[in-house]
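Novice: Residue numbers (this note's numbering), protein chains in the order written: chain A, 1 to 792; chain B, 793 to 948; chain C, 949 to 1249.
Don't read these hints as lab results, they were simulated from the structure.
There could be a bad hint or two in this list.
Here are the simulated lysine-lysine pairs, BS3-like style, with alpha carbons at most 25 Å apart [said to hold, decoys possible]:
| # | chain 1 | residue 1 | chain 2 | residue 2 |
| --- | --- | --- | --- | --- |
| 1 | A | LYS67 | A | LYS136 |
| 2 | A | LYS187 | A | LYS363 |
| 3 | A | LYS582 | A | LYS485 |
| 4 | A | LYS704 | A | LYS67 |
| 5 | A | LYS599 | A | LYS520 |
| 6 | C | LYS1174 | C | LYS1132 |
| 7 | C | LYS990 | A | LYS78 |
| 8 | A | LYS456 | C | LYS1208 |
| 9 | A | LYS136 | A | LYS704 |
| 10 | A | LYS67 | A | LYS109 |
| 11 | A | LYS136 | C | LYS990 |
| 12 | C | LYS991 | A | LYS704 |
| 13 | A | LYS602 | A | LYS485 |
| 14 | A | LYS582 | A | LYS606 |
| 15 | C | LYS991 | A | LYS136 |
| 16 | A | LYS286 | A | LYS78 |
| 17 | C | LYS1151 | A | LYS771 |
| 18 | A | LYS704 | A | LYS771 |
| 19 | A | LYS100 | A | LYS179 |
| 20 | A | LYS523 | A | LYS606 |
| 21 | A | LYS27 | A | LYS520 |
| 22 | A | LYS27 | A | LYS582 |
| 23 | B | LYS794 | C | LYS1001 |
| 24 | B | LYS794 | C | LYS990 |
| 25 | A | LYS363 | A | LYS100 |
| 26 | C | LYS1151 | A | LYS456 |
| 27 | A | LYS318 | A | LYS187 |
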Amino acid sequence: MTRKEERLLPEVERPVCAPEELIVVGKRIPKSDALYKVLGQAQYIYDMSLPGMLYGKILWSERAHAKIISIDTSEAEKVPGVRAIVTGYNTPHIGIGFMKDQPVLKRDKVRSFRDEVAGVAATSWEAAEEAISRIKVVYEDLPGVFSPQEAMADGAPLIHETDARGKELKDNRIRLPWKLVCGDLEKGKEEAAHTVTTSYDCPAVTHCCMGTSACIASFDAADNLTIYDITQIPSLAKADFLEALKAMGVKGRVRVVTPTIGGGFGSKLDTYGYQYIAILLSHRTKRPVKMVFTREEEFFATSPRQQASFTITQGCDKEGYLTFREVNATLDNGAYISWGATTPSVMMMPMSSLYRVPNTEFKATCIYTNNTWAQAMRGYGNPQATFAIDCNLDELAEKAGIDPVEMRRRNASIPGEETPQGFLPKTSGHRECLEAVVEKIGYASRTRGMVEGTPKARGMGIASLIHVGGGAKIYRSDGCATSIKIDDEGWVDVFSGSQDIGQGLDTVIRQIVAEVLGLKADKVNVHVGDTDACGWDAGCHASRSTFVAGNSAKACAEIVRAQMIANFAAQLEVSEDAIDIKGGMVLAQVEDPDKQQTKVEKLLRKAHMAGRGNTMFMASNFWEPNNKLLAGDFHGNFSMAYTYGVHAAEVEVDTETGQVEIVNYVAAHDIGRAINPMLLDGQAYGGIMQGIGYALTEEMLFDKGRLLNPNFRDYKILTCLDMVPVEPLIVETIDPEGPFGAKGVGEPGLVPVAPAIANAIYDAVGIRLRKLPMTPDRVLEALWAKTGKAIA
Amino acid sequence: MKTITFTVNGNPVTLDVREDANLLSVLNDDLELTGAKEGCGAGECGACTVIVDGVAVASCLYPACEADGRQVETVEGLVLASGGLHPLQRAFVDYGAVQCGFCTPGMIMSAKALLDRTPAPSQQEVKVALAGNICRCTGYTQIVQAVLAAAEEMRK
Amino acid sequence: MAAALDYLRPASLAEALSLLSTIEGAQPVAGATDVWVGIRSKKHAPQALVSLKSIPNLRFILPDRDTDAYEGRAEGATGDSGVLLGAATTHGDVEDSAWMKSHFPAVHQACSGVGSRQVRNVATVGGNICNAAPCADSAVGLLLYDATLVVAGPQGERELALSEFFVGPGETRLGPAEILKEIKVPSPGPRTYAWYWKHTRRKGVELPLLGVGARVTLAADGTVDKARISLGVCAPMPTRSYEAEKVLEGQKLTAELAAKAGEVAAANALVRDTWRGRGWYRREMVRVLVPRVIGLSGALS
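Extracted from the complex, chain A is given alone in its bound form:
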């Protein structure tokens, strides 16, 4: 396959529904629960109270690395109102994390400042806090290691002496040998006329959900657990908690209920120690136990974005077409293994398929340290990887003497082309996004360099993204279950296994189902967040919900619609293809004017109660996307569709203070079809704002494992005053696999922000920043390194 020749692209099938025919899908309708939220009536877990409820608090480790010699709870037990105290010594072992290397309550050893040493349930928050302060723990210090380098040095202490199965470990390297090989690296190197090797550092940043972590655990008389939990993975959390009950010798079942969630962004993709501690306390006291993190706890005791360091080499031929990409990544895994250690599996996606590059080798090593440990955060490794790739690409373009935009143009994805990792994107709006953004931001006529008479300089930068947009088979099942029923009055209830974390999944499903059934949107009520009523779903992650839950809901609605059409056709005595349902009316192509338009409720009631084979309409559906669990070599089409995008940033750099101002920002996303453009814009604005924080201001700062800035004062999350002018563009390629052509969009908005800004800074002042965040002091330091004096 050559690039330079014109080639016939494979035909892409278009979906049946042409855009002009859609009534509800594609509309900017408000989020279904926005009304309750603006009234202050939405029920969050913080507002909830159960009869007899107790309040739970956790004692956190006071050491980064130490043996636990003893835990004395005798004074704590005397505090009035205390009902139970649990430690690793009076509870059964419950192991968590997908490699099960973490006990919920620590015994023998603590490995980080966020290790849970004890849990207390009491009749008030105050009593619980007082009891916590009276628990006496004797530690014996062990030397701590706080970076992968320290952890791999000679004589470094072992953080874990054995793995979960008892096998001895020889060093702090985690046995997850991430390696992806595509094509022939050596051949790619030979073909390269230019190469650039650079290194990048991405720190830990955190989600800052406005609603902190919380749960209420409660057992009934038959030992069945109901846990009110703000999780993104209700079905998987249920499975985790069932395992915990087994370890506790409890035979009951588990129900996970999610009230309104105060933000997700990936933070609730795994289960945490505090949930199990609440369960243990609840079982011991036979009362509901509520746990709520303070903001400080939310900062230091929840899992941040995975830190990563990269060394990357890319090469291109004389015309700038990429010939190879070679990347080594080192990840500070922290004290225990959670999803952070799997971010390389997602990093592989941009490594192999961001831009067209035939030969790739990517390796990642995760190292245990005594730092905090990471989980999932919006982008899941993609933002980190894209920073390395697209900044290095900019440097490569310069070396090859090619304009940055032209470089992206030449290497942009081609729809229908299988990527070297085996992805099969049926649609790719990468080129459309690039052209749209470049035109909109006025790249060709931009101001570049110092602005006369001021110490400020302007410039523009570009970056691209690819992300999964059609599910992501990271478990053996990537499916979603939906049930739908419709009553005699035309009210529809949809039960989806998926989850609304604020992004509007509830509304998207409402629109899809209403569109298929031909009803008005406000007749459709979507239920999520109850594992008793709703079926299984892999979880709200990987931007999969619109695609997978949407396809599941669409398929289920199509079954119900078929039932209705068949029945109504019989009632009206016409053939099925002469019937349609639109806007709540059943339209029949007949001569009798009385039969041409009938309210759907009328026919529903007749179907149910006319006495001739009474029936009602309902259906269930489990929809599994036809993607592949990545094989041992990580090749395969692990999503059914891929979302593309291009971002462009215009910055103004103050060369005397190092401050970077974003004066213009344009972002185009190919999301297949916008089911709801208003909610889509919300994902773009929100993702971009988070991306700007990641690029310029946010950083978790540690001193030997202790978080120095666990508050909004010192952790620089951006405020309304920091808003920048953002123009989100929607590119619709109508993917044949997505519901009405839609692909996922939850994460893409964040992915290419940092490299777009870094490349813009280079365009303005000629410095390459390779460490995030690009704070004013780092900018100034780089300026001085370059010139030794102020830029003329």
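Given the coordinates of chain A, assemble chains B and C onto it according to the supplied hints.
Specialist: Below, chains B and C without anything else, positioned relative to chain A:
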């Protein structure tokens, strides 16, 4: 304990409160007005914002005892006498300014306090008024659009 | 359990002073935004809080008391007068005052940038000064105008210069039974230019990384009659850079002279090197921002 008497959304209330209680806990626990929420407990995030004597305050840092004799407005009191949504509430719904909703009550009250004294604010004035209300979901753009739209609606 | 805390709301200054003298561990409080955070995080455990919010005549912005009575709260008239601020004047009061904006722009800028609107609505200028954080924006602004403080205590009232008020971070010359009552700011005179810059990492809800204030009053012949350079977070307390002021006074003000003042101020600034901000960067910002602030004040044109 001290007895305080104040008005909440126009209704007189008399309560016994602890001297170390903040206004937020009184609203949430004693009065079951749960719109205002604790996001940080340190006056840094604005999720607890309510209006006291006409100005927006962080209720997590406002001593409950100090509310004695004062007028407190919360998001629950914004609904119009006719039962309809306040223009700010309507605009937040219509402009996509609500995602997870945790910041929403505080954000709306900060906006109301602004519009009460500045009926025709500029975009910059809106941003200054909302600077103390952190939102992680929306990126603020649709929120600012909603406030400006509500201001225009209220001037009619 | 939690230490008992009493919350008292005296109706007069005399009553407030009496409470402070008689109750061990009593502390005056106005907006409470700093004090409450300290109590909640268990850094402080006062026995009682004596609220100043119900005391009349502590919250106002007035022209100098020699020219006008000060009963009640009223805005100042236009003209060249100085200003008398009640200690319980909120930052929001100053922010909303067009009069303060035109007559004391640096104080207006300093107060308008504190925290958020929610904080500014209750936090007082007096409280900011007495809390004595090294960053206290309002103090850094007021130092430019040679403000004096009127303090009320069991022995009556006394005055002291703001520039002498701070002893160390969080420590002032306020006695345990005293209350800051008023802040007197003399008229700076004609041909006065002033500006305050708060250097931050983001635009909202920020404590400054450093604060720089500059005020220049020119003589009739165009030379600098009075120069004041004030700095926040460049010393254990809000401070003036006397060395930089000496560079400017008596001279014709040029961009080069302003730059020199910046270098001298930077050389003498007692900046800290911490994870919040590196020392070299803070020092460089003093060097860059002093002349920039002088330029922004309009003094060079």
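Novice: Which earlier hints can't be squared with this structure?
Specialist: none
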